[in-house]
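Given chain S's structure and the hints, the job is docking chains D, P, Z, W and U onto it.
Listed below are the residues making up each chain.
There are 6 protein chains.
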Amino acid sequence: MVFITRRERFNAAHRLFRTDFSDEKNAAVFGKCSNPNWHGHNYELFVTVKGEINPETGFLINLKLLGSLIRETIIEQIDHKNINLEVPFMAGKFASTEVLSVAIWDELYAPIQQLGAELHCVKLFESENNFVEYYG
Amino acid sequence: MVFITRRERFNAAHRLFRTDFSDEKNAAVFGKCSNPNWHGHNYELFVTVKGEINPETGFLINLKLLGSLIRETIIEQIDHKNINLEVPFMAGKFASTEVLSVAIWDELYAPIQQLGAELHCVKLFESENNFVEYYG
Amino acid sequence: MVFITRRERFNAAHRLFRTDFSDEKNAAVFGKCSNPNWHGHNYELFVTVKGEINPETGFLINLKLLGSLIRETIIEQIDHKNINLEVPFMAGKFASTEVLSVAIWDELYAPIQQLGAELHCVKLFESENNFVEYYG
Amino acid sequence: MVFITRRERFNAAHRLFRTDFSDEKNAAVFGKCSNPNWHGHNYELFVTVKGEINPETGFLINLKLLGSLIRETIIEQIDHKNINLEVPFMAGKFASTEVLSVAIWDELYAPIQQLGAELHCVKLFESENNFVEYYG
Amino acid sequence: MVFITRRERFNAAHRLFRTDFSDEKNAAVFGKCSNPNWHGHNYELFVTVKGEINPETGFLINLKLLGSLIRETIIEQIDHKNINLEVPFMAGKFASTEVLSVAIWDELYAPIQQLGAELHCVKLFESENNFVEYYG
Amino acid sequence: MVFITRRERFNAAHRLFRTDFSDEKNAAVFGKCSNPNWHGHNYELFVTVKGEINPETGFLINLKLLGSLIRETIIEQIDHKNINLEVPFMAGKFASTEVLSVAIWDELYAPIQQLGAELHCVKLFESENNFVEYYG
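Top to bottom, those sequences are chains S, D, P, Z, W and U.
The opening residue of the first sequence carries number 1 in my numbering; numbering runs sequentially from there.
The opening residue of the second sequence carries number 1 in my numbering; numbering runs sequentially from there.
The opening residue of the third sequence carries number 1 in my numbering; numbering runs sequentially from there.
The opening residue of the fourth sequence carries number 1 in my numbering; numbering runs sequentially from there.
The opening residue of the fifth sequence carries number 1 in my numbering; numbering runs sequentially from there.
The opening residue of the sixth sequence carries number 1 in my numbering; numbering runs sequentially from there.
There may be inaccurate statements among the hints.
Identical copies go unnamed one by one, so any copy, or any two together, can satisfy a pair.
Claimed, not checked - Cut-off 30 Å, straight-line C-alpha distance, at most; resulting in silico cross-link-like pairs (BS3-like, lysine-lysine):
hint	residue 1	residue 2
1	Lys93	Lys50
2	Lys64	Lys50
3	Lys50	Lys123
Calculated from the structure, these hints are not laboratory results.
The shape of chain S in the complex, shown without the other chains (with noise of 0.2 Å):
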């Protein structure tokens, strides 16, 4: 079995809050991510998936159709966009790294099965300084 990763990147607006809380409530919870005005990032996205080596191309999964796959199901909905506001999967969801990354497995397992291979990992830069990965 070998495991291989793809690369796509997107740039996105969001804001971390409750609905149910005050701008002072989320500002003491969540800090300046809670700005109401909104602040962005560039996401480094990398989509990790594993299976066997097929025998007639020498590939585990074409990579070019990883990539499409990635850039029609994550970043046409997402690039250039207000997660909090405007991403179909994201759509009443907390806009964290951490259920942004579980959000974009969610849309990735099904299809990527259907390319012949199991997604492993989704793990997502919000900065050079912060990631998260999740499994499954």
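Frame of chain S; chains D, P, Z, W and U shown alone:
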């Protein structure tokens, strides 16, 4: 003469648009960067100053002071903020990387002179693929 | 379960040697890393914790608290210090990256538990070409 | 048990194709990676070994020896070479990153055991966007 | 005046050699870079243009147009190609990074002028350790 | 005229201080960089030379020779050393990045001229956040 550079970083939301354009016209001119719900970036700011080495200290400038100056003058105004709505030195200006670089230069020039050095360059990365340099 | 990682950095001097070896024998075993006058590195430390996402906050852990904990417990003890001579949690130990990684784990394990998460991995880069991982 | 990783790099030409396919069919299956006139990459190779810390040295393994072993066994065979035509351990194999990672594992496993450690992972970057991991 | 830079990347094979030299003489002059079976690189290309900020748009130049221009003029000609054999603008030239940088400048200068900006610098990385800059 | 740059790296210990200051005064002026027990860095050195492309070779300069020259003249003197105590070309000088950059320029200028090129810039990173450039 030597040149010394200090890197600082900030995250912010912005939107490229003109208030005298419709959303449609803004989209035509500025593309997905004009999204009315904002998007954002991890900006990397490199501030380069120049001058002679101080024979008393072996320094051109105390980098701790330069870092503090950049953080107080720029980072605290813009980090986790909306560049279009909340950053005093960007009020009434386009939120493009070009205009932002010039505005940062204007904020830093005089205070750096008071530290005994001369501002040489503001270099601002919007992403790993795009950056602006301004030399006054 | 999700995994979240925080990067912090420190600069330090060190030397690889045994006090019961002569300088010659230390040089034979440890090479230029045994230089009696020390050398140093910019270390990069990645601390990974694991746990469930808190449904109240959308966080596994408050990253600001995790960052503060790492800085207080590790960085303030070791940054701009001599690892062999001045770092309390390395007293009497080899100053290798392997031993240092284990010592950092031992310092962080209990305080991270008090933050409600579990330490998963300490990853320590000594240079762009060499790093150690310790999982307890 | 600790894990230690050494990075080495090489540049090489390759082509993805099957000799029993026409150039047209190769282009259909492998895209521009099947260019008959070759293309190439700066590969980054991360070799991770695992074991106990040697109480005599504070090391898991002497990284100089590990680096030398990787350079002699792998880098000197493949650097500035054509992977399809000239690399002994790739003779008769597909020149994909997946197959190359497995072949590097096979070359390194026994010699690393002779250094007193156990090979844990071969991680091979073909570009900043694509990499493969193999754990045996 | 501001300067704005766009990064694009390509992978290619090449060989350093003179047709009027034997393989032996080529090896003596050009070392392993003269391997008759080619080798290759992941090249990183940074194109810097200069000009005034357009007061209508806040841009020096539309970076999407600049990116498209670089991809059409340069990347599509050279990506996954053999620089010695297949790249029209390198026909009959040495495939060194120096010569390639000048050739890229010559391809880009006029079309960038038609976008309303002036080419300032072509910076080309052959590896993380080596790069060339050309300013015309 | 083209510019070509070679990166080399070294690790070293240093201390910022004046022998005519007490430890207290050194701490007041130089902060934690004056720690009497030293600290250290992974330095990255970028040496840029300029000149015409040699029509015989397509090179400005043989990069292998430039790399060897930098390693013999600079890296072997300073790598895994104490900059204050052991580096001949820093004897009696402040161990600041500014002074070190000028000293490296002075060591390299004449030998690079003998290789047929002209030294253009010494750029020295002390950390990912701080670097110095010197142009003579």
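Taking the hints in turn, this is what the structure says about them:
Within a single copy, Lys93 and Lys50 get their C-alpha atoms as close as 28 Å, and across copies as close as 21 Å, so both meet the 30 Å cut-off. Proximity of Lys64 to Lys50 under the C-alpha cut-off of 30 Å is restricted to the intra-copy arrangement: shortest distance 16 Å within a copy versus 32 Å between copies. For a Cα distance limit of 30 Å, the shortest separation of Lys50 from Lys123 qualifies both inside one copy, at 14 Å, and across copies, at 14 Å.
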